[in-house]
Every structure is written in structure tokens, then in C-alpha cells.
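Residue numbers (the numbering used here), protein chains in the order written: chain A, 1 to 295; chain B, 1001 to 1193.
For the record, the hints were derived by calculation from the structure and aren't laboratory data.
Treat the hints with caution; some may be incorrect.
These stretches of chain B come out as covered by chain A in the derived footprint (C-beta under 8 Å, 3 or more residues) [claimed, not checked]: (1) 1006-1016; (2) 1033-1039; (3) 1048-1057; (4) 1118-1125.
What follows is a set of in silico ranges between Cβ atoms, one per label pair, in the way DEER data are often shown [stated by the list, open to error]: (5) Y246/A - L1152/B: 20 to 30 Å; (6) G220/A - E1190/B: 18 to 28 Å; (7) D282/A - K1179/B: 18 to 28 Å; (8) G220/A - K1154/B: 39 to 49 Å; (9) G220/A - M1155/B: 46 to 56 Å.
Even for Gly, the Cβ is constructed at its ideal location relative to N, Cα and C.
What follows is each chain in one-letter form.
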Amino acid sequence: MKDYAYFPGCSLKENSKHYEESILPVFKAIGHPLEELEDWNCCGATAYFSVDNDMAAAVCGRNLSLAEKQGKDILAPCAGCYLTLKKSNLFLQSGAPEAKKILGDLKRSGCEYQGRSVVKHPLEVLVREIGLDVIRKKVVRKLTGLKVACYYGCQVVRPYTDFDDPDHPTSLDALMEALGAEPVDYSAKTRCCGGLLTGTIENVGLRLNHLLLKEAKRKGADVIVTVCPLCLFNLELFQDKIIKTYKEDVRIPILFFSQLMGLALGLSRDDLGFSRSTIPLDAFWAKIRNGGQNV
Amino acid sequence: MDIQRKVKYEHELDPGFLAKIKRLSHCEEIDRCIQCGTCSSSCPMSVYMDHPPRQIIGFIKNGYREEALSSFTVWLCSSCYTCQVRCPAKIKITDVMYALKREAIENKIYPHRFSIPLLDKEMTKLIARDGRNSEMRLILRLYLKSFKPFNLLKMTPLGLKLMKTGRMSLKRNRIKGRKQLRALVKAIKENGK
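Given the sequences, and given the hints that come with them, work out the whole structure.
Structure follows, in C-alpha cells:
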């Protein structure tokens, strides 16, 4: 496997610290410790594409250039960073006149990029490169009977579809199965959480997330696992407001897939950021302790 | 009841609008649209839109510049790319929405104090200056510029939850290579002219 430079992005350093706190030990445990990309800058997310297309590619170009100089590919756990870096990378590699112009600007400012970096998501690397057989062998604590709703959201599977299906992805379900958990048939798995709409047009954001929570409950899930910090933020931190607004008990823990993976690999639950959940995890722990049986 | 004409006459349209949008990044394929409506039926935001995506593409193709740029649709688009992967004509619809957002911002056609373009602009300002986003600072700036500060109080319970679990900080994040970043911003600006 090629060496990866870990690209945290802003979320994994602030509101989604528990993603970083679980993804790093997980990669270490399977024998591929990750190092953070030195002096990375913010990917620009959806904001730069909406304001300035050239700058959107340029700020990503600086990161790609940093990774290229280290001879590494980029591993971006945040769905937004993954998509933004990948999209800009494909554009810079395209040979289009606008792309060449930006490559020239990158060179002039000391960030020369020759187009050799590749951007990947941890889910892709775990399932498609390292492989479930390897992971299965490393599982020491099976998550037997834990019912998991696998939520992929948007930007990990769309618009780039090279490692999974854009409408019916299965990689996360397969990974959870390899850990011994039981993925439920979560039909909302790629329905949008609305991204930043919870903050900008709240009623729209709440409605979208209500649908996601409701479907997970309907399918009997004990937990929703996500691959994206913004999805987790919306589903977790707006849950109280959703319950109040729709007068419906859709309470359910929201965790990162890497937290469950860490547990299955035998890492201590104290080292996987579980204490950062704002939703009580008592029922979840009871299920883990009792091998999926309710107490 | 005041009854007004709902359809524009040809001389009121902008005949160069399609050509202009087509020249923008990722919008080259836009005139291949067959108006099938797959985008509108796939879009999770359609029910909130004044004009669903199919109509927006129709506006562009037929020179309805004002309608396309002043529609709420582009701001409701949350970049989920569902329409884009499903479009049978392979139009990069999400990217077309981005292009319209840039056009609308450039021409200052969006509702006053509307939070979404403000958020985009504030975030890019932070990144161009510091190289990193600082979540709390961004949120504070956004509330000051768009909403009444009173609305910030409504967010207090959420902020407290984040604080209690150590997921919020007021510190300003910055990269070391700010000089390099400034050079890059300058180079792009000069080259763009």
C-alpha cells in the first residue's frame, strides 16, 4: 500500500475530534500508521466553488503540492475535504487551459504541482485496498447483534463513483458486517442531510435530518454510523430540536464508523472519543456488553 | 385580482446568456438538456424551490437571465450531486448551480443579508487570510453580518453541548505558510484579470 498523508481538515480538529481520535488508532492497529500532512490549509469546501472557481482549485493545489513533495497520496476522512480535493485534483490534472494557468500560479508562489497526487477516503482504502479479509482477522471483539444504520451521505459516493455505487453503496455495510455488526436495510443511506442548511435555513435542515433519523428508527437501528463530520453534526446536535419540532422520539446515537471499528479491533473505548457524544450511549454500551441482546 | 403577463416576450430575454454560462467551468454540456426532469425529481430540495433544477436549466437555455440568477434554487442546492450522477445528458448540474452562484454574487443579485452567500464569502475570506477556517469565528461573523445577534442566543444550547464535550474552541487557526498563500492569492487575482 502506498503511504498516505492524513488530511484532517477543520472539522476533525474541532467539532469532530472523535473522528480523528478514532481513525488514527484504527489505521495504526491495522499496521498503516498515518502522519498528518504538514502545514495543510483548509480545502475551501463548498464555499470557494460558490465564490471563486480559480481560488477553489488553487487552495487545494497547495495541499496536493505538499503531499506530492512527500511522495504521498492524500487520505481525507471528511467527505467535504475528500470531494473538494479530489475534484480540484482532477481539474488540475485535466490539461485544460484554465487548469494550466492555475498550475503556473501555484509554481510562481512556490507550490509547484505536477499532478501526481491521488486523493482517497479511508473507507475506500480500508475496504478496497487493505480488504475485509485482513480486517476480519484483526477483529478481537465482534459487535454481534449491534444493529447499525450505515449512512454514507452525499459527497463520499457522488459525483465520483470509483469505489462504490452512487445510489446504493455497500462498502460501509460490508465493513460493519466484517466487524460482526448487523447493518439494517437503511433506505435513506445516501439521502442528503442538507449540509449547512441547518445553520442557514433551519426549518429545511431539520426536516431533512428528521427523515434520516426516522428511517433509522423504523428499521430498528441501535446507532447511525457516518463517514462525514457534517452529517454527524446535523444528525447529532439538532436531534433535540427535531424531537421537539416533530414531537417524535427519534433519539439515536450517532457515531463515526471508525469508532465502532476501533472497538472491534480491541482498542480501549476510552481512547476512541466516545465521551464526545452529546447523546447518551447507555443503551449502546449495554448492547455491546451483552453481545447484541437487550438487557 | 391583479392579473399580469407571466411569460416574457423574446425581446425581453438575454440572447447571450446561454453562451456566457456555457463558457464557464463544467457548464459546457448545458445545451444537451432534454428537459426530462430527472434532476428535479431526484433533488431532495425540490419541494422548497421556487424553480426546480429542470426549470433553471430551461431558463439558461432560453435566455431568462434574471429568473435564473434571482431564483432561490441555487442557494438551496446543498451539493449532494444526485442530479448530476443521474442526468442522462451528462450535464454537471451541481456545477452549473455553482456557476450561477458565482454569477449571482458577482452581479449582486441575491436577497439582502441572505445568509448562504454571506457564509460562503466570509469563509473564503478566512481561508485566504489564515489558510484555515476557525469554526466559532466564522459562525460569529456570520451572525453579526446576516442575522440579528438575538438569533445567536437560540444557538446557545448547541454551543454548550459542544463546549462540554470539548468540541469547540475560540482560538484562531492559522497555517505557517501564510506568506506563500498570500503570494498564491495575488497570483490568481492578477492572472484572472
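Hint check:
1. Restraint check on the region 1006-1016 of chain B versus chain A: 0 residues with Cβ-Cβ distances below 8 Å, three needed, restraint violated.
2. Check on the region 1033-1039 of chain B: 0 of its residues sit with their Cβ under 8 Å from a Cβ of chain A, so the three-residue criterion for coverage is violated.
3. With 1 residues carrying a beta carbon less than 8 Å from a beta carbon of chain A, the region 1048-1057 of chain B misses the three-residue requirement, and the given coverage is violated.
4. Residues of the region 1118-1125 of chain B with a Cβ under 8 Å from some Cβ of chain A number 5, which satisfies the need for three, so the listed coverage holds.
5. In this structure, Y246/A and L1152/B meet the distance hint of 20 to 30 Å, their C-beta atoms being roughly 24 Å apart.
6. Distance hint check: the CB atoms of G220/A and E1190/B are about 59 Å apart, inconsistent with the given range 18 to 28 Å.
7. D282/A and K1179/B have their C-beta atoms about 51 Å apart, which leaves the hinted 18 to 28 Å range violated.
8. At about 33 Å, the beta-carbon gap between G220/A and K1154/B misses the expected band of 39 to 49 Å.
9. The hint said 46 to 56 Å for the Cβ distance between G220/A and M1155/B, and at roughly 33 Å that hint is violated.
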